[in-house]
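Each chain is listed here by its residues.
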Amino acid sequence: MPQMNMVSAINDALRTAMRRDDRIVLMGEDVGKVGGVFRVTAGLFDEFGDDRVIDTPLSEGGIIGTAVGMAMYGMLPIPEIQFADFIWPAYDQIVSELAKLRYRSGGEYPAKMVIRTPVGGGIRGGHYHSQHPEAQFIHVAGLKVVCPSNPHDAKGLLLASIADPDPVLFFEPKRIYRAAKGDVPEGDYTVPLGSAAVAREGSAVTVLAYGAMLYEALDAAAKAAEQGVECEVIDLRTLWPVDIETILASVQKTGRLVVVHEAPRTCGFGAELVSLVVEKVFYHLEAPPRRVTGFDTPFPYSLEMEYLPLSHRILPAVIETARS
Amino acid sequence: MAKFEFKLPDIGEGVTEGEIVAWLVKPGDKVAQDQEMVEVMTDKATVTIGAPRAGIISALGASAGDLVPVGHVLVVFDTEGGGAATGAPAAAATPAAPAKKNEPAATAVGDIKETLPGMGLATRPSEKAAAGAPSGYHDDKPLAAPATRKLARELGVDLKRVPPSGEAGRVTREDVERFAKSGAAPVSAGPAPSASPAAAVAPARPLPPAAPVAPTATETRVPIKGVRRRIYENMARSKHTAAHFTYVDECDVTALRELRERTQRFAAEEGLKLSFLPFIVKAVVAALKKHPALNCLVDDASQEMVLRHGYDIGIAAATEAGLMVPVVRDADRLSVLELAREIQRLGEAAKDGRVQMGDLGGSSFTITSLGKLGGLFATPIVNYPEVAILGVHEMKRKPVVRGDEIVIGEVMLLSLSFDHRIIDGHVGAAFAQEIIGLLEEPDRLLVSMS
Amino acid sequence: MTTTAENPNATASGDDAVLQVLNPDGSLDPKHDPRLEPAEVLALYRHMVTTRIVDERLVALQRQGRIGFHIGSLGEEASIIGSAYAMRPKDWIFPCYREFGAALLRGMPLQRYLDNMFGNRNDPAKGRQMPDHYTYRAANWGSVSSPIGTQMSQATGFAWAAKLRKEELAALVYFGEGSTSSNEFHVAMNFAGVFKTPVVFFCRNNGWAISVPVERQTASRTFAEKGVGYGVPALRVDGNDIFAVIAATRRAVAHAAAGKGATLIESLSYRMGGHSTSDDPNAYRSKDALEPWFGRDPIARLRQHLERGGAWDDAREEALRSEIEQRFRDAAEAAEHTPPPPLESMFEDVYESPPWHLAEQRTELLTGPRAPSSHH
Numbered sequence: 001m002p003q004m005n006m007v008s009a010i011n012d013a014l015r016t017a018m019r020r021d022d023r024i025v026l027m028g029e030d031v032g033k034v035g036g037v038f039r040v041t042a043g044l045f046d047e048f049g050d051d052r053v054i055d056t057p058l059s060e061g062g063i064i065g066t067a068v069g070m071a072m073y074g075m076l077p078i079p080e081i082q083f084a085d086f087i088w089p090a091y092d093q094i095v096s097e098l099a100k101l102r103y104r105s106g107g108e109y110p111a112k113m114v115i116r117t118p119v120g121g122g123i124r125g126g127h128y129h130s131q132h133p134e135a136q137f138i139h140v141a142g143l144k145v146v147c148p149s150n151p152h153d154a155k156g157l158l159l160a161s162i163a164d165p166d167p168v169l170f171f172e173p174k175r176i177y178r179a180a181k182g183d184v185p186e187g188d189y190t191v192p193l194g195s196a197a198v199a200r201e202g203s204a205v206t207v208l209a210y211g212a213m214l215y216e217a218l219d220a221a222a223k224a225a226e227q228g229v230e231c232e233v234i235d236l237r238t239l240w241p242v243d244i245e246t247i248l249a250s251v252q253k254t255g256r257l258v259v260v261h262e263a264p265r266t267c268g269f270g271a272e273l274v275s276l277v278v279e280k281v282f283y284h285l286e287a288p289p290r291r292v293t294g295f296d297t298p299f300p301y302s303l304e305m306e307y308l309p310l311s312h313r314i315l316p317a318v319i320e321t322a323r324s
Numbered sequence: 001m002a003k004f005e006f007k008l009p010d011i012g013e014g015v016t017e018g019e020i021v022a023w024l025v026k027p028g029d030k031v032a033q034d035q036e037m038v039e040v041m042t043d044k045a046t047v048t049i050g051a052p053r054a055g056i057i058s059a060l061g062a063s064a065g066d067l068v069p070v071g072h073v074l075v076v077f078d079t080e081g082g083g084a085a086t087g088a089p090a091a092a093a094t095p096a097a098p099a100k101k102n103e104p105a106a107t108a109v110g111d112i113k114e115t116l117p118g119m120g121l122a123t124r125p126s127e128k129a130a131a132g133a134p135s136g137y138h139d140d141k142p143l144a145a146p147a148t149r150k151l152a153r154e155l156g157v158d159l160k161r162v163p164p165s166g167e168a169g170r171v172t173r174e175d176v177e178r179f180a181k182s183g184a185a186p187v188s189a190g191p192a193p194s195a196s197p198a199a200a201v202a203p204a205r206p207l208p209p210a211a212p213v214a215p216t217a218t219e220t221r222v223p224i225k226g227v228r229r230r231i232y233e234n235m236a237r238s239k240h241t242a243a244h245f246t247y248v249d250e251c252d253v254t255a256l257r258e259l260r261e262r263t264q265r266f267a268a269e270e271g272l273k274l275s276f277l278p279f280i281v282k283a284v285v286a287a288l289k290k291h292p293a294l295n296c297l298v299d300d301a302s303q304e305m306v307l308r309h310g311y312d313i314g315i316a317a318a319t320e321a322g323l324m325v326p327v328v329r330d331a332d333r334l335s336v337l338e339l340a341r342e343i344q345r346l347g348e349a350a351k352d353g354r355v356q357m358g359d360l361g362g363s364s365f366t367i368t369s370l371g372k373l374g375g376l377f378a379t380p381i382v383n384y385p386e387v388a389i390l391g392v393h394e395m396k397r398k399p400v401v402r403g404d405e406i407v408i409g410e411v412m413l414l415s416l417s418f419d420h421r422i423i424d425g426h427v428g429a430a431f432a433q434e435i436i437g438l439l440e441e442p443d444r445l446l447v448s449m450s
Numbered sequence: 001m002t003t004t005a006e007n008p009n010a011t012a013s014g015d016d017a018v019l020q021v022l023n024p025d026g027s028l029d030p031k032h033d034p035r036l037e038p039a040e041v042l043a044l045y046r047h048m049v050t051t052r053i054v055d056e057r058l059v060a061l062q063r064q065g066r067i068g069f070h071i072g073s074l075g076e077e078a079s080i081i082g083s084a085y086a087m088r089p090k091d092w093i094f095p096c097y098r099e100f101g102a103a104l105l106r107g108m109p110l111q112r113y114l115d116n117m118f119g120n121r122n123d124p125a126k127g128r129q130m131p132d133h134y135t136y137r138a139a140n141w142g143s144v145s146s147p148i149g150t151q152m153s154q155a156t157g158f159a160w161a162a163k164l165r166k167e168e169l170a171a172l173v174y175f176g177e178g179s180t181s182s183n184e185f186h187v188a189m190n191f192a193g194v195f196k197t198p199v200v201f202f203c204r205n206n207g208w209a210i211s212v213p214v215e216r217q218t219a220s221r222t223f224a225e226k227g228v229g230y231g232v233p234a235l236r237v238d239g240n241d242i243f244a245v246i247a248a249t250r251r252a253v254a255h256a257a258a259g260k261g262a263t264l265i266e267s268l269s270y271r272m273g274g275h276s277t278s279d280d281p282n283a284y285r286s287k288d289a290l291e292p293w294f295g296r297d298p299i300a301r302l303r304q305h306l307e308r309g310g311a312w313d314d315a316r317e318e319a320l321r322s323e324i325e326q327r328f329r330d331a332a333e334a335a336e337h338t339p340p341p342p343l344e345s346m347f348e349d350v351y352e353s354p355p356w357h358l359a360e361q362r363t364e365l366l367t368g369p370r371a372p373s374s375h376h
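Chains as they are written, first to last, in the working numbering: chain W, 1 to 324; chain S, 1 to 450; chain Y, 1 to 376.
Hints should not be assumed to be uniformly reliable.
Unchecked claim - Straight-line Cα separation of at most 27 Å, BS3-like style, residue types lysine-lysine; simulated pairs: (1) 31/Y - 287/Y; (2) 351/S - 225/S; (3) 31/Y - 33/W; (4) 181/W - 33/W; (5) 196/Y - 33/W; (6) 181/S - 253/W; (7) 3/S - 26/S; (8) 396/S - 280/W; (9) 33/W - 90/Y; (10) 166/Y - 287/Y.
No lab work stands behind these hints: they were computed from the structure.
It should be emphasised that the depicted structure is a prediction, and the values quoted were computed from it without experimental measurement.
Please put together the full structure from these sequences, using the hints given.
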């Protein structure tokens, strides 16, 4: 089985899907000849031509707006937003149109697409190349949101996202684009949407994480184990609809919960995860649930490593939760 | 011919009232569907409203120049076939409330209401309360995790009595288990309720067997449910919604007692016992006919008074399960004996717990017979959404001044409560006096009986 | 290519010329005459009158409180019916929200339209959208949205997809002149220009965006000249002249079919009513501004043409009106008495199949208390 990083695994998934389904078109800024600013689409322009790998004008609203029209026609566009930080000009098309079209047209216009976009900090990208805006999309009825943490899942989840009948936002954690490596099966396979993975088993504290922060959670879990605290680390993989069964089973076992995410805390996805756990397994809780997250500030440049919920912040939260 | 009422619609500009500019039809006119009927000026525009159906205009609900609220009956039609009457006739419909002008509630789309149910219900905590000590973390409220609380409940352990070993005085799971094993834990009444509010899942850890414990609980907790729950909710809603005022007066029922004695034997022939209640129901119905505003339900959601045309009288009955209010339907059409029979049937059914759903609800006025335990007077709670209730006290022999003499009379106190939002004080008083007059001179009741 | 006399929005300069076919005397300018068969002209007249009567009836229903809202097209019937008529059956239309007449022309049954007005269970949008926000795929008709201009980039993408798939068709997109101020106009025109997508941008310049007049939307002399910046050819047409509208739109379709890409049409008309039933133009528009447009009523102009050829008279007009009114009354009656959508339909079509959280919420709704019925 070939070793791949996230970039090559996603590239492989796109190539695999495009070879078998000619309705698929890639579109976005610099996705064509140059193969994307992160090289995720490298080589695809040469293989599939400029009718299927399309360099567009510099307009996120235009990319998504025209992609919605293409989807209404029956194509399967996979638009790329170069950085998730730049997605907002397309927010109206995503929220008012893409997410609602099936519903508001009584099922006549399903409008299927997968929007790929790199997310997250820790790359010295500053304010506008670092944000992790999942909550704003999870909140919108009609969208599915995915965030893989390793090459195997990245390929399998992207192929599942393409096969899924609903619009999917596919968040690629760019900090681990090249750092996360692993075996990736050749050819077509899927990692089903809506299913989390237990990345480390433990009985003391449940830690929920995803994307680049999974590795920080695993690092904190290893250090906690040295202090006798065994964490169960869950990689959510699909953020919405979230795998509630895996989460509840774990919290029923541990009675303790820590949620980790890069995005700011207030009304972040952690708020929803904590609410779900409290509503559904309140009487299993032994300690107050806790969130380790980005702070409620704009994303800072020089101090980004202080802003991110890295292992050094996860570890004390886990220990305190285990001991309270 | 059926009647159809056309009410001023909310024409989508968020207006709550309109001024009648001109009528283009008059009573007696035969109109075609969509024929122009009336020009109405709202805060934003003057519009012409066409007839929603064909028919003959039987009444107009407002005059040119009137400011009428949305929902007010504008036109009553006689239609050929179909179209049942809705609500009260135009004349008795919601009176045109004094409306405020010059408060535009503009919108390009949809319907922006000036007021909605629930508005004005928010209460601002007093500054004193806000400045007071924070609640929670109170000495008499033990600190414990949800899972520990659940365990304590399952083991019948009172957390207040468990010595805490955790941080900041927190009771831990181990504390509860130790306490239960020690035998110090008293079991509260019976086993813990099996219906756990948590999802039906296996407990995280096997629970230790409950230790035998002595039944010395300091309290027993009984869930508020069933009939009690209904009473709990209804009473609270009434008390929090209606603006109660209570009116008490006495009533010399010497003549009524004599009448009852005389007529007792007619009842006995039919195997009935004749109490005063059927007479009181008769008097109430007669008084309601004279004061229709009291035979009314208040619809807080739509801000309407629902004037009832029938006379369905609730008779409060104490039962083992709690207070119930079976209803005597169409009380105005029943004779005194028929009332006696119906009241007896309902009373027995309530007492035996056999009362049918059809005998409950839908009353527009309620009588509560306070009897021997009624005390001097009481402040009954209105059977919301009704607007009035009559409490009847025990008859007592008392000195009564008749002319210039003091004689022994049969005196009964009546305690009436009203919803002051709907019923003004003098209206309630007049209604009470009407009942008293009829009960003091029951012959009037007989001669006025329809 | 003539006059500006009929149209105060136009100036005398050649660039701003307004295409007109229907002369003031009811005759047709042979140079641009789309050469319709007499039966076609009669059918178009019938559609325009239908549009107007349905408009009038819907306003009446709204005043009677039977429907919540209507957004009408009074005065714009030629602009709307003519442009839709020029599109071929295989073409697609992306509506704004004022073009129900075009949807009926394209084959949406009057009953379905009225089902949408009442939001009942037969509504193609399943009662999920407010009145006048319908959908009708069977007639190659898009889904009406309220946010301004979103349909423009969608039409561009749709036409682009067809081009990529080598299917020859054109997509016409309706929008008001106010929408030219939106991001979407820029985005759609730009993409259409770059990728030469077969789109007809049909700008209904009716003078008003709710209360805001054209001079507050743009400093351009015309809306058509905006096409220049995107490399999209544009033309102006008398929107109250159905022959000119058809000629102009056919020209744009031919341009698209020849692989030359998009066209921007500025159709000059006038919104003679309010923005919607919730709007009263008397608050911001003088009667004097409206007055001249009564003389340019597109239906009266077409009728004059028909009468000139002896193809129309009062008796036929009366018969047509009463027939349409009866049809409307029957359909409105049926729509009004069709029940609202079932409760569980609230959770359908959010996703193809409801995930766990929607299944939970559906149970919560179905087993919970019902709202006091304020709407039905």
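*Given the hint that residue 396/S pairs with residue 280/W, test it: the Cα-Cα distance must not exceed 27 Å.*
Outside the cut-off at roughly 60 Å; violated.
*Straight-line Cα separation of residue 31/Y and residue 287/Y no greater than 27 Å?*
violated, 36 Å
_Restraint check for residue 166/Y with residue 287/Y, where alpha carbons must lie at most 27 Å apart_ = violated, 51 Å
*Does residue 90/Y lie within 27 Å of residue 33/W when you go C-alpha to C-alpha?*
Violated, at about 35 Å.
*asked:* With the threshold set at 27 Å, check whether the alpha-carbon distance from residue 196/Y to residue 33/W stays at or below it.
replied: Judged against 27 Å, a Cα distance of about 20 Å means the pair holds.
*If you draw a straight line from the CA of residue 181/W to the CA of residue 33/W, is it 27 Å or shorter?*
The given pair, whose Cα atoms are some 26 Å apart, holds under the 27 Å limit.
_Restraint status (C-alpha distance of residue 351/S to residue 225/S at most 27 Å)_ = holds, 19 Å
*Given the proposed pairing of residue 181/S with residue 253/W, does the C-alpha separation stay at or below 27 Å?*
holds, 24 Å
*Would the pair residue 3/S and residue 26/S pass a check requiring their Cα atoms to be no farther apart than 27 Å?*
holds, 16 Å
*Is residue 31/Y within 27 Å of residue 33/W, Cα to Cα?*
violated, 48 Å
Comparing the model with each numbered hint stated earlier shows that hints 1, 3, 8, 9 and 10 do not hold.
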